[in-house]
Amino acid sequence: MTLVDRDFQGAAGDAGTKDLASVQDTAGAERPLIELRQVSKTFGTVKALQDLEVSIRPGELVTVVGPSGCGKSTLFNILAGLEEPDPGNILRLKGVSSAASDLLGKVSFMPQRDLLLPWRNVIDNAILALEIEGMPRAEARKLAMDMLPEFGLAGFEAQYPNQLSGGMRQRVALMRTFLFKRDLMLLDEPFGALDALTRTMMQRWLLDVWQKHKRTVLFITHDVDEAIFLGDRVLVMTARPGRIKLEQVVELPRPRKANIVTSLEFISLKKTLLEAIEEESMKSFQVAGH
Amino acid sequence: MTLVDRDFQGAAGDAGTKDLASVQDTAGAERPLIELRQVSKTFGTVKALQDLEVSIRPGELVTVVGPSGCGKSTLFNILAGLEEPDPGNILRLKGVSSAASDLLGKVSFMPQRDLLLPWRNVIDNAILALEIEGMPRAEARKLAMDMLPEFGLAGFEAQYPNQLSGGMRQRVALMRTFLFKRDLMLLDEPFGALDALTRTMMQRWLLDVWQKHKRTVLFITHDVDEAIFLGDRVLVMTARPGRIKLEQVVELPRPRKANIVTSLEFISLKKTLLEAIEEESMKSFQVAGH
Amino acid sequence: MSGTATLAANLPVVSTGRIGVVLRPVLWLLLALVVVEAVVVVFGIRTYYLPRPSVIASTIMATPGAYLAGLWRTFLETALGFVAGSMFGVVMAVVFHRWQTLRELFFPLFIVSQTIPVIAFGAVVVLWFGNTLFAKAVISFYISFLPVTVNTMLGFSAVDPRQVQLMRSFGASDAQILRRLYLPAALPQLFVALKLASSLALVGAIVGEWFGDTTGLGVLLLQAMYNENVAGIWATIVVSACLGMGLYGAVSYAERRIVFWGGEQ
Amino acid sequence: MSASVSSDSLRQFSRGIAGALLVAAVWELCARGLDLPAYVLPSVSSILAGLASDAGSLLAAARFTAAESFTGYAIGCLAGMTAAVLVTMIPSARSVVVPLATAINSVPVVAYSPLVLLWFGIGMASKIVMVAIAVSFTIFLSTIAGLDRVDRKSVDLIRSFGADRFTVLWRLRLPTALPLVIAGMRVSTVRSVIVAIVTEMLGAYGGLGWVIYQAVLQVDFVKVWAAIIVASAISLAFFGAISFVERRYVFWR
Amino acid sequence: QDLVNASLRLKWLTQAQFAGFYVALEKGYYKEEGINLTINPGGPNLLTENLVATGADTFGLSGGTDSVFAARDKGLPIVCIGVAHQVTPFVFVSHKDGAVQSVADFKGKTATTWFTGANHVLSAMLSKAGTSPSDVDIQPQQVSVTPFVDKQVDIVTATRYNELYVINERVGKDNLNLFVPEDSGVSFPRDTLIVSEQTATEKPELVTKFLRASVKGWKEAFANEAEAIDIIMKISPTLNRAQQEFMLKEVKTLMTAGKASTDGLFSIDKDAVGSANKLLAEYGVISKPVDLDAAFNASFIESIPAEERRL
Ligand SMILES: Nc1ncnc2c1ncn2[C@@H]1O[C@H](COP(=O)(O)OP(=O)(O)OP(=O)(O)O)[C@@H](O)[C@H]1O
Ligand SMILES: Nc1ncnc2c1ncn2[C@@H]1O[C@H](COP(=O)(O)OP(=O)(O)OP(=O)(O)O)[C@@H](O)[C@H]1O
Ligand SMILES: Cc1ncc(C[n+]2csc(CCO)c2C)c(N)n1
Ligand SMILES: [Mg+2]
Ligand SMILES: [Mg+2]
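Chains as they are written, first to last, in the numbering used here: chain A, 1 to 290; chain B, 1 to 290; chain C, 1 to 265; chain D, 1 to 253; chain E, 1 to 311.
Possibly wrong hints are sitting among the right ones.
[To be verified] With the C-beta cut set under 7 angstroms, the calculated list includes, among others, these residues of chain A facing chain D:
| id | residue |
| --- | --- |
| 1 | ILE90 |
| 2 | GLY105 |
| 3 | PRO111 |
| 4 | TRP119 |
[As the list claims (entries may be wrong)] In the DSS-like style, the derived pairs of lysine-lysine whose C-alpha atoms are separated by at most 25 angstroms in a straight line are:
| id | chain 1 | residue 1 | chain 2 | residue 2 |
| --- | --- | --- | --- | --- |
| 5 | E | LYS109 | E | LYS151 |
| 6 | A | LYS181 | A | LYS106 |
| 7 | A | LYS94 | A | LYS142 |
| 8 | D | LYS153 | A | LYS47 |
| 9 | B | LYS214 | B | LYS94 |
| 10 | D | LYS153 | A | LYS106 |
| 11 | E | LYS219 | E | LYS259 |
| 12 | B | LYS270 | A | LYS257 |
| 13 | B | LYS106 | B | LYS212 |
| 14 | A | LYS212 | A | LYS106 |
| 15 | E | LYS288 | E | LYS270 |
| 16 | E | LYS234 | E | LYS252 |
| 17 | E | LYS270 | E | LYS203 |
| 18 | E | LYS252 | E | LYS27 |
| 19 | A | LYS181 | A | LYS142 |
| 20 | E | LYS270 | E | LYS74 |
| 21 | A | LYS270 | B | LYS271 |
| 22 | B | LYS212 | B | LYS94 |
| 23 | A | LYS270 | B | LYS257 |
| 24 | A | LYS181 | D | LYS153 |
| 25 | B | LYS257 | A | LYS271 |
| 26 | B | LYS214 | A | LYS271 |
| 27 | A | LYS270 | B | LYS270 |
| 28 | B | LYS106 | B | LYS181 |
| 29 | A | LYS271 | B | LYS271 |
| 30 | E | LYS249 | E | LYS259 |
| 31 | A | LYS142 | A | LYS106 |
| 32 | E | LYS203 | E | LYS27 |
| 33 | A | LYS257 | B | LYS271 |
| 34 | E | LYS27 | E | LYS234 |
| 35 | B | LYS142 | B | LYS181 |
| 36 | E | LYS128 | E | LYS96 |
Think of the hints as simulated: they come from the structure by calculation, not from any bench. Nothing here was measured: the structure is a model prediction, and the numbers come from that model. A virtual CB, placed ideally from N, CA and C, is assigned to each residue, including glycine.
In isolation and in its complexed conformation, chain A is listed as follows (with noise of 0.2 angstroms):
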């Protein structure tokens, strides 16, 4: 197993982004949007990241695979600005060297479960971000409105959360991140509740969703079909204490077909990405005796 060159400036350089939002942003197109150098995180005696670099360029989108609590979360909550890194860690937002604390409200963040209110309704739930930053309940509704059919929420905004399926949750969740206009969306397994038939058809739409509105996205994920699918590149983070094992550009063309997952090239990447992260689910996974 071999360690790829950590210099993501560099290897994203060469990744095929030629129908990517991102190229339309002239000015940013080369500076990453955000950029973590040595970022460590330690709980207790518990070390979940050690080292971490990455670094995302405006546009893309970028999925992260790894075991069970290999501190994928964890990143997350830094970038979030819930949690602060052990210190000596270098977090540049847009260039500018910030504290994690700097960037909450400044990302917009689905963490791994829905979290929907269930007092509130469709469109209630979708528009909390907005409410809390202060927009007129009746402004934020009408906004929601409109974004609700391309949710495929259309006549839904009135349910309440108990009476809505896993996946239709789900979409709630994406579309009150999505209200919440920041440069970077942080994804933490949107889909992973889901069964496997509903989760293919919300990947797909999701790639329709993100390529209109040309978002910066971070997206965890457990399947390495879906982060293939869906990632312009593919972090295969190791076991604990997280750091980056394998960096891993997908060059297949947008827009992507279902089908894709069947063709050759997909299937090369798999087996290159399902090398690595075996190695690491070893580690952490334990079957005694066995």
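Position chains B, C, D and E with the ligands against the provided structure of chain A, taking the given hints into account.
Same frame as chain A, but now just chains B, C, D and E with the ligands:
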């Protein structure tokens, strides 16, 4: 989309079952262990199953995929004797016509979630079925203790479910199912709640255990990779009302290695199945306005 | 998923703060008592409004036997009523769970029964059961069984139907399913009710003693009240508080021991 | 679906009534058949007759008791919730206040009643104080439990939207606590009426407890039972009202 | 020796007000008469008449003539077999330095009293003084006498043996005016011994034996007060000894007043009882005057010679 001939007897005859346990079972090799014909099930106004035809030979591992709500769990409930199908059905166990309720206690059944009892430790959860059968506790525990290492649970016998990881919980549930020794084992999405990496590990492990214990298994899953990787045959069900849409024999050699998923035969099987499933998924998956 | 990592995270940690958890409130309480003592003395508050904590203590110490005897008697009544009420409550929950018709016919009346102030018909209880410890226990019983029934039923209804199906697929009988599934599954909810029921049973015993008795905390309370013996009232409150907290603590302790897996499934 | 729900609740309702009638009939039969005198157990019919003939005074007493319990209940709920919110906002106070409140809550309320009567007299004030004490600890503890139920992940999410502590409290913690708070409020309804009545029996200027006390001494057991029925009706109505509010506003569970 | 089981239900908790019965029990006087007696204390929500009528208790020391009349009026089959307090045991109290110096001064003032009979005594006293009861603000009296001590009310009701002690302690014996019902010509004997009609007819000798033992107990209690108080204090150690000594002295006065001074303890003064009967009927507490001879049976107590009952 073609509907295949539903004479499983014939179709199964061609299946590559070289190293299957059933071959050794000289008497029952050709007689199906269980056979369902014209099985329908209606809940009030909901038609869950319609004229379902399934037949499973001893020693086979048959996987079932189908969209959510197509009636897979209903099928299992009938086979477990928990639910009576609509009148007019034919249900034969080892060639003997039976009512569904006759099957109660005759098949070992693992429902969709692990359903471990939180107040029982690993060993006592595993022996639950034996205890209900009336086996003395000490004897049942002894039996289960011997099985622990094989299920990767050695040393964990005194742990309680809330102290176990998701993968371990599933293994305890599987062990409970294995200990309840019956001719037919029904596994309803046993790995559905696990993350993709853990799931891969569990699949490989299950194949090992299955080959050692030589049980007949019917296995529900949402994951096409899983269905192909595990099964001798894959049954694809239609959207509600559930019927068999496609029956695909999997001729991949056994024992199967993890990297088989990137083999060409695997990919081509996946292509065929995905097409069939996609059609059905689209029927039940509603993305309004999309 | 790493088994060992999850294990470490979930293993019951022997809390070093345990002693602190008990000690801290005790220290605060002592401090509060000192402050009250000082305030009463400095501002010259009349005993009638608030006796000095030291006066309350010396009131108890003047006749410790009387307070101990009252405590013991009330404890017996409470314990008897509480145990009987809890058992009856669970049995009724099983009956109501098993027979829907009975539930629909009589469960509303169970609720109604609790809206009747027991003090209004305590005399009838004395009429029927005489001036015995048993009569007070009956009153305790009466006001403590309903929460147990309600919560046990709640616990039953939270049982996953798939779990029941699983048991049935093993060929389990109704009795086996009740014993091995429903009853243990209802334990967390049951204990929530038991904690409430223990307090209620104590109220029942004290009120029960207002219907003619020679010993007991309720008697001490009445006597002190009608003789305007404020220090005596306080002394009895303190002893009742100890009994109430003791009962609650005992049930909580049993809960921690028995429902070790926690309420969440 | 909705049709079957309403036919379900119709059956439940009619069965509930049937059960009540059954018990009333058995009671009536016992009272008449065994020729029980009123001072042992008055018949249902005589209680109903008593209810009708004393309607005026019972209604006045009911109003008195209802006023005491509602006022005490409202004060208790407000105090309990406010204290709970304050305690969650000041974490250092928690480790002292919560164990203390749990301890005090396990002390029987009736133990305080003599003191409260001595301090606040036998007017309404003492009943209101008793009810408020009884209610506030229950509400305090259930509110604390409710506020604690909030998922850390949800707090993180809403913080990532830039919410401050008060926004988290208002938009997340309080609504999350609502189901438990209302459940506590529902249980407290019956308790508040009973506490008011028990306190009245130890001394009052009016109210159902006072009527019962007087009626016992005047050997009027029909009146005692009539007052009990009125008390029960108030409790049930109060309980029903809060249950209705609960179903209405905690629709998501 | 064959002992007959029987119980005595008191009107209140154990205190010196009932000392004689406890002394008799302690000294074995009931056993000497062949009775195995249990003494059951009362409580605020218990009606002794009810418990005796239903047979739950054999004997009762009930509230007084008022409660006996009310019970008879409601058809409870009880009979009074002796009256303990020969005169009204309560008095009305005002502050010496206050505006109320005579019963006539009650007009326009605030008085508190118990609405269990004492209120009618007050009304009768007012009527005899020419004041309409509606001109006095009469309120239910609470457990505590503090409102009177704090001068929030002008007149308070007190039993001579209990509340009066507390008022004396807190205000000072010399700072009080006492208004005695008998001075206004109103009498209301209380603390009545009762049995059920059934016991009265079926076991007259049991009743007589009980009375004999009780009388003996009371005489012993009055003769040896310290020992009587010891017995009470042993049962209820939290009581205030000084208060109990005061109580026993006052009770002695009440029990030996009027007819009892000549005929002995537990005498039934038909005149006093009759006036109370009229009073209650007048105020509508009972629907019509009760048949006195059926309600009060003096034959049991009178079967014990007066000299044996006199102190
Ligand atoms: N607040 C915390 N306190 C202590 N340990 C923590 C905390 N948060 C996370 N950890 C530990 O840090 C490690 C990384 O956790 P993290 O949640 O980031 O993993 P993950 O990669 O997101 O896992 P998963 O795939 O299961 O979501 C884990 O071992 C976890 O137990
Ligand atoms: N007891 C029941 N009463 C009424 N409808 C039922 C019942 N059980 C199942 N159904 C309905 O029958 C259909 C098939 O359900 P089933 O649970 O068998 O689906 P499934 O294929 O197992 O779905 P999933 O993949 O989500 O587990 C669904 O529409 C379901 O709503
Ligand atoms: C007529 C009369 N009515 C009520 C009371 C009030 N009360 C009820 S029980 C009790 C204790 C008696 O020692 C007291 C004070 C009374 N005293 N006398
Ligand atoms: Mg995570
Ligand atoms: Mg299913």
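Evaluation of the provided hints:
no.: 1; hint: ILE90; result: violated, 22 angstroms
no.: 2; hint: GLY105; result: holds, 3 angstroms
no.: 3; hint: PRO111; result: holds, 5 angstroms
no.: 4; hint: TRP119; result: holds, 5 angstroms
no.: 5; hint: E:LYS109 to E:LYS151; result: holds, 12 angstroms
no.: 6; hint: A:LYS181 to A:LYS106; result: holds, 9 angstroms
no.: 7; hint: A:LYS94 to A:LYS142; result: violated, 31 angstroms
no.: 8; hint: D:LYS153 to A:LYS47; result: holds, 21 angstroms
no.: 9; hint: B:LYS214 to B:LYS94; result: holds, 17 angstroms
no.: 10; hint: D:LYS153 to A:LYS106; result: holds, 18 angstroms
no.: 11; hint: E:LYS219 to E:LYS259; result: holds, 16 angstroms
no.: 12; hint: B:LYS270 to A:LYS257; result: holds, 15 angstroms
no.: 13; hint: B:LYS106 to B:LYS212; result: holds, 21 angstroms
no.: 14; hint: A:LYS212 to A:LYS106; result: holds, 21 angstroms
no.: 15; hint: E:LYS288 to E:LYS270; result: holds, 17 angstroms
no.: 16; hint: E:LYS234 to E:LYS252; result: holds, 21 angstroms
no.: 17; hint: E:LYS270 to E:LYS203; result: holds, 24 angstroms
no.: 18; hint: E:LYS252 to E:LYS27; result: holds, 19 angstroms
no.: 19; hint: A:LYS181 to A:LYS142; result: holds, 15 angstroms
no.: 20; hint: E:LYS270 to E:LYS74; result: holds, 21 angstroms
no.: 21; hint: A:LYS270 to B:LYS271; result: holds, 16 angstroms
no.: 22; hint: B:LYS212 to B:LYS94; result: holds, 23 angstroms
no.: 23; hint: A:LYS270 to B:LYS257; result: holds, 15 angstroms
no.: 24; hint: A:LYS181 to D:LYS153; result: holds, 21 angstroms
no.: 25; hint: B:LYS257 to A:LYS271; result: holds, 13 angstroms
no.: 26; hint: B:LYS214 to A:LYS271; result: violated, 31 angstroms
no.: 27; hint: A:LYS270 to B:LYS270; result: holds, 15 angstroms
no.: 28; hint: B:LYS106 to B:LYS181; result: holds, 9 angstroms
no.: 29; hint: A:LYS271 to B:LYS271; result: holds, 17 angstroms
no.: 30; hint: E:LYS249 to E:LYS259; result: holds, 18 angstroms
no.: 31; hint: A:LYS142 to A:LYS106; result: holds, 23 angstroms
no.: 32; hint: E:LYS203 to E:LYS27; result: holds, 24 angstroms
no.: 33; hint: A:LYS257 to B:LYS271; result: holds, 13 angstroms
no.: 34; hint: E:LYS27 to E:LYS234; result: holds, 14 angstroms
no.: 35; hint: B:LYS142 to B:LYS181; result: holds, 15 angstroms
no.: 36; hint: E:LYS128 to E:LYS96; result: holds, 22 angstroms
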